[in-house]
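Please build the complete structure, drawing on both the sequences and the hints.
Protein chains in written order, with my numbering: chain A, 779 to 1177; chain B, 779 to 1177; chain C, 779 to 1177; chain D, 779 to 1177.
The set of hints was computed from the structure by calculation and includes no laboratory data. Incorrect hints may have been included.
The list treats identical chains as one, so a pair stands whether inside a single copy or across any two.
Okay, derived cross-link-like pairs now, DSSO-like style, lysine-lysine, Cα gap no bigger than 30 Å in a straight line [what the hints assert, rightly or not]:
id, residue 1, residue 2
1, K1099, K1175
2, K949, K1010
3, K1010, K918
4, K1099, K827
5, K1010, K1175
6, K918, K1175
7, K918, K940
8, K1099, K949
Protein chains: 4
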Amino acid sequence: MTERVVLAYSGGLDTSVAIGWIAEETGAEVVAVAIDCGQGGEDLDVIRKRALDCGAVEAVVADARDEFANEYCVPALQANALYMDRYPLVSALSRPLIVKHLADAARYHNATMVAHGCTGKGNDQVRFEAGLAALFPELKVLAPVRDSGMTRDKAIAFAAEKGLPIDVTKKSPYSIDQNLFGRAVETGFLEDIWNGPIEDVYDYTQNPAEERPADELVISFTAGVPTAIDGKELTPLQIIEELNRRAGAQGIGRIDMVEDRLVGIKSREIYEAPGAIALIAAHQELENVTVERELARFKRGVDQRWGELVYDGLWFSPLKKALEGFIVEANQAVTGDIRMVLHGGRAVVTGRRSEASLYDYELATYDTGDTYDQSLARGFIDIWSMPAKIASLRDHKLS
Amino acid sequence: MTERVVLAYSGGLDTSVAIGWIAEETGAEVVAVAIDCGQGGEDLDVIRKRALDCGAVEAVVADARDEFANEYCVPALQANALYMDRYPLVSALSRPLIVKHLADAARYHNATMVAHGCTGKGNDQVRFEAGLAALFPELKVLAPVRDSGMTRDKAIAFAAEKGLPIDVTKKSPYSIDQNLFGRAVETGFLEDIWNGPIEDVYDYTQNPAEERPADELVISFTAGVPTAIDGKELTPLQIIEELNRRAGAQGIGRIDMVEDRLVGIKSREIYEAPGAIALIAAHQELENVTVERELARFKRGVDQRWGELVYDGLWFSPLKKALEGFIVEANQAVTGDIRMVLHGGRAVVTGRRSEASLYDYELATYDTGDTYDQSLARGFIDIWSMPAKIASLRDHKLS
Amino acid sequence: MTERVVLAYSGGLDTSVAIGWIAEETGAEVVAVAIDCGQGGEDLDVIRKRALDCGAVEAVVADARDEFANEYCVPALQANALYMDRYPLVSALSRPLIVKHLADAARYHNATMVAHGCTGKGNDQVRFEAGLAALFPELKVLAPVRDSGMTRDKAIAFAAEKGLPIDVTKKSPYSIDQNLFGRAVETGFLEDIWNGPIEDVYDYTQNPAEERPADELVISFTAGVPTAIDGKELTPLQIIEELNRRAGAQGIGRIDMVEDRLVGIKSREIYEAPGAIALIAAHQELENVTVERELARFKRGVDQRWGELVYDGLWFSPLKKALEGFIVEANQAVTGDIRMVLHGGRAVVTGRRSEASLYDYELATYDTGDTYDQSLARGFIDIWSMPAKIASLRDHKLS
Amino acid sequence: MTERVVLAYSGGLDTSVAIGWIAEETGAEVVAVAIDCGQGGEDLDVIRKRALDCGAVEAVVADARDEFANEYCVPALQANALYMDRYPLVSALSRPLIVKHLADAARYHNATMVAHGCTGKGNDQVRFEAGLAALFPELKVLAPVRDSGMTRDKAIAFAAEKGLPIDVTKKSPYSIDQNLFGRAVETGFLEDIWNGPIEDVYDYTQNPAEERPADELVISFTAGVPTAIDGKELTPLQIIEELNRRAGAQGIGRIDMVEDRLVGIKSREIYEAPGAIALIAAHQELENVTVERELARFKRGVDQRWGELVYDGLWFSPLKKALEGFIVEANQAVTGDIRMVLHGGRAVVTGRRSEASLYDYELATYDTGDTYDQSLARGFIDIWSMPAKIASLRDHKLS
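Right, dumping it as structure tokens:
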């Protein structure tokens, strides 16, 4: 029986060419798998048809937007996941989702190989291959762009030679990856890190500097999961989409940074993640209201490690599962409403209310009604500062 | 000989009354100590004279703005210090500086006691007393507002009775603490955490929503210390002042948060820190360019602990000193220029350049000139993902 | 109706006197609560009768040894809990158990107060009061030894005056706390930290230096819970008891250390915990075999924080619950057998076997059968060392 | 001019053969570099002569024992470095020392290549190559055993064919690496992790179970550096040697563990490190006496990361340097004497004394002379437990 390869298929030039390229190289049949994780663009049916036209024996397409929102974006939100304190892990979240669908398709179609179109210097190759190693280690991985010299020029020549139904004339100057949770852009002139981005690189967000009226909304959470906007119950997918629209219209969520890749180098990245950034800001402030101090302090380190691990391609790893044991428990009481003003590139929390609030007006107020017993302070301070005081006495004695 | 008390003196109602109140309560002479850490307001000589008029036997005033900038704000910047990821420690930084001057004055004036005007439910009492415990543990601490019932009403009555030269009629609705690094505001209506702040609470910052032209500048750092703006060499004090002015004019650095106090409660705080927020954003991005990945990852935890420790009043503690052993070393290569646009409440980095850059164009580029050896990737990925893969195989076998 | 006080009752002099002392001081009725957490000594009925004879209106006794083993010692084992890398939290584990029974008894008997016999400079007062604050914050806490001058001399006089049925003549030179998980000893001559302990301070352990034959056993775990010794299924309580006996006979588990108390001072402590130390050694090595590397590395920090939190009296805190979310997940695969030799004060693992093992003979061996692909190494090493290499090149260039 | 290769030379079969093997393979001249880091065995001159006899154009030998003790073992001690809480990093410490000498020799002899005899599945290849990447990245690395098929059988045949002066008949069943700080043993029958080690695998330590008199000594430290035994000033090298002898004679420092290698697998390792284990135990207890609580708690995480980094081959990395900024500062007050009994496989601290002690008898004692103010406790406890208490009230309200 002819061997089969499952290919992560996007519909674009590289992976369309890869169908035939891999078939020639391996003699295997290619099953194309295209996943909608909210990247927009062409209809799944169009993509499906193109895969078949390019020579795939099967083309699997799946609308995984709800799955992506519920099982990938929501955990990231509960971890306030910002790699290097900035980047909401857009591509790093979608890769394990795609891997899961590839592994499922490989099982269904009895494939022995799997292929992706990544280069050899990015993070995504690691996310694909580390994910596959965890979910279906027996699969052999093909990476034609990285391992068998399928450069862009060769791909264009191949497409012309085979008469593939792909328009190779539209050449974007940008290398783009986008999904429900955000959009990443790389391009030549930004590889000079002294150059600033131009308006043209952005698509999910309007120019924050343009004048427009502010937008105010209330986001509701239950146990750290977003459940409603302005009192209207919505799914996580709907909430992220609405916030992408509304926060994007206000220019929120643009990120320009130099980033530490897993593969050893620093790179310059432009991201747009209007919904993600607004949601994380709201979730963090609701945590401030509902999460106890020592838990909140420790959670920062757990959240950081979660983000690094996912960035580093280790979504399907024992540590991630254990970190989520912590994070889910820590989100149990993160329930309530956050009022937020979206305006001029800023998502600003202006109000919070929660049945699970740990803010106690009567303890906090300086007005009538104060119930805080100030006579406790002296004993607390003396014991609190005692270790450092004894150390200080020691140091003075010795110096 | 009559005993002496050193009093942390601000020139305001409470500490002016405290001079006489403490004298009556203890029979001791009061030495007032007023420190300029950039809080603005009255001239030091005016404050000095008022202290004497209110009955102080001595009034020490000191312009400690450069000391505050160099020895307190710069270390905070090198630690990117943001308590709960938001608050740049404004008051928490000035208290140890004041403590140091109080301890020096107490030694000089042979005082046996020290007094402050803090209440019993805030953090500042801890910062004063923990600092004094470290620097001069033999001093007895007096806290008339907290411990001997010196309420505002009683203070006003005392001032009237003694004819103190204080205007008790201007009653601000706000409780304010401010210095070079920022400004903190608390007030009754904001104790309802669902209420948003009004424009009236702000002083260091203009309304970010107002239209105005953007402001672009280049900040230079040497080993993590800011040294110039737009190529003009300046002291840290001058840089923070200029950024307060320019970033403040753009509405940058407003913070509205629910915060975990050390004394066990959550409180609602409004801060303005235009210069601090702009500087930290610049410093962080220069770290992204110049600090190696594993160092950067570990430094986040060190920075967080530094911020907690300082917030918690433990400036003069062995752990802070050791953390700074790490932080100073980590800043050795944080040298270079950051170009930043200040506009509409946002301080956005648009360019970075550095002789100490670890960003390597030739490794990072996808254009001609790429020197990255992509054939290394496969070996890396296979070994990188091996532990999780083996665990995954185990889990599948067992389930 | 007369108010009621629930008293943590040990049967000893202090708490026996406290029954009458508290009754006199408050006019309340005293309900004595004695909990067996494996401390040995007198029969619960004897203790119960003594409480009543000393004036308690009710005396509640409970054999909580299984509860203690299952819900307090097992979580400690799963966290490899060793405060300061040494102390297995003996007393810190029993206090929350006692607190839980006190709170239950207070509800049942409609008490409004709760009393304990701790002094004001130890950790146990914090563990009692912090636990009660979490479980039953409305209770007023009485601490006669700390707060109302009930010194040992006064207690003896009180006992004599009231004719209480307590033998006040046996005066041990040692202050001892013991339970199923270990035994703590303090005494005057050891407060000089240059003095070594003498054989007389020990009770759970024989002298490790004495000659005796070694003892070998196999401990089995399921998901981090000890389930059998030498193939015989036992409860955690039975396993800890058997190991206390067998490891104690070999002199295992003696600890002599200077320790950081929560209340600000360092103290000198002697502990014996033969079963705990042997079990933790076995559990750690089974983790080495069954827990993936990155999970194992992060777990060390989680374990440390769990131990600090419990030592610090915060058993009933949100952070502990979230840490256990991590720890329980991390223990899911900690299943298998550990062979151990107990001898001469040492508990030494000599073998491990597990269906959940991640040790793969074929990958690890240097003999025939090696399946490890050594050609992967070069790519891995080059990318692994790239960030430090680039930093090194930068440093050489600049210096 | 003929190219030159610098070879890490041990004097054994593999690296002796490698001299000729590399010369044949590359046409280059081989400079052999042998470093004495306390591994014992043959005289350096014998090794030097053998290298030349085997065809090296130059043979560099260096007694680096003091350098190894001072610059590699002492920092490890200050970090209490125990990988996975057990392994004192024996081989991981010597590799960077050897790398430094290789890089120096390569510069001196104008080499363009460097060679080592490591296999492709161990950690040492990473330590060599990552170290060289940092110190001399231009060198090309040769690893004949890993990369060009130089198996043991082929090496023996090569030696016979070329008549190399090496005895190939003594075949040890053990794979051994040893130096001043300890000894590592791997062998076939121990690759079954259920098998226990036999007495024959050990060389640095006597059987701990044999009866012999105890040995008591006092180790003195200054700022975390060991400086004397029993009052006699010695160098770190002398101290480690004496402790290897005396602790080794008591069977101290045997380790048997399953370990997480950097290269993705778990392996079974036997170590002996009598001096290291005794010194770390002493240093830790002196830290308990002289290091303030919060510093000690944070230092555990820093120490762990230092150990992982060194184990992982990143000795010459920016993070290690910054961690040492912390560690050296934290050791400033670690000065004093530790009395220790070495006996029956145990190194037990029995006394500590220090001018820098933070243990305060008067605060700690329960006897006359107690200066601890117990009235402080209540205020401390109430504020300490307040956050968890408020969270508990919230949870009860909601459930």
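Quick rundown of the hints versus the structure:
{"no.": "1", "hint": "K1099 x K1175", "result": "between (50 Å within a copy, 18 Å between copies)"}
{"no.": "2", "hint": "K949 x K1010", "result": "neither (42 Å within a copy, 43 Å between copies)"}
{"no.": "3", "hint": "K1010 x K918", "result": "neither (47 Å within a copy, 45 Å between copies)"}
{"no.": "4", "hint": "K1099 x K827", "result": "neither (38 Å within a copy, 52 Å between copies)"}
{"no.": "5", "hint": "K1010 x K1175", "result": "between (66 Å within a copy, 26 Å between copies)"}
{"no.": "6", "hint": "K918 x K1175", "result": "between (68 Å within a copy, 20 Å between copies)"}
{"no.": "7", "hint": "K918 x K940", "result": "within (26 Å within a copy, 43 Å between copies)"}
{"no.": "8", "hint": "K1099 x K949", "result": "neither (41 Å within a copy, 47 Å between copies)"}
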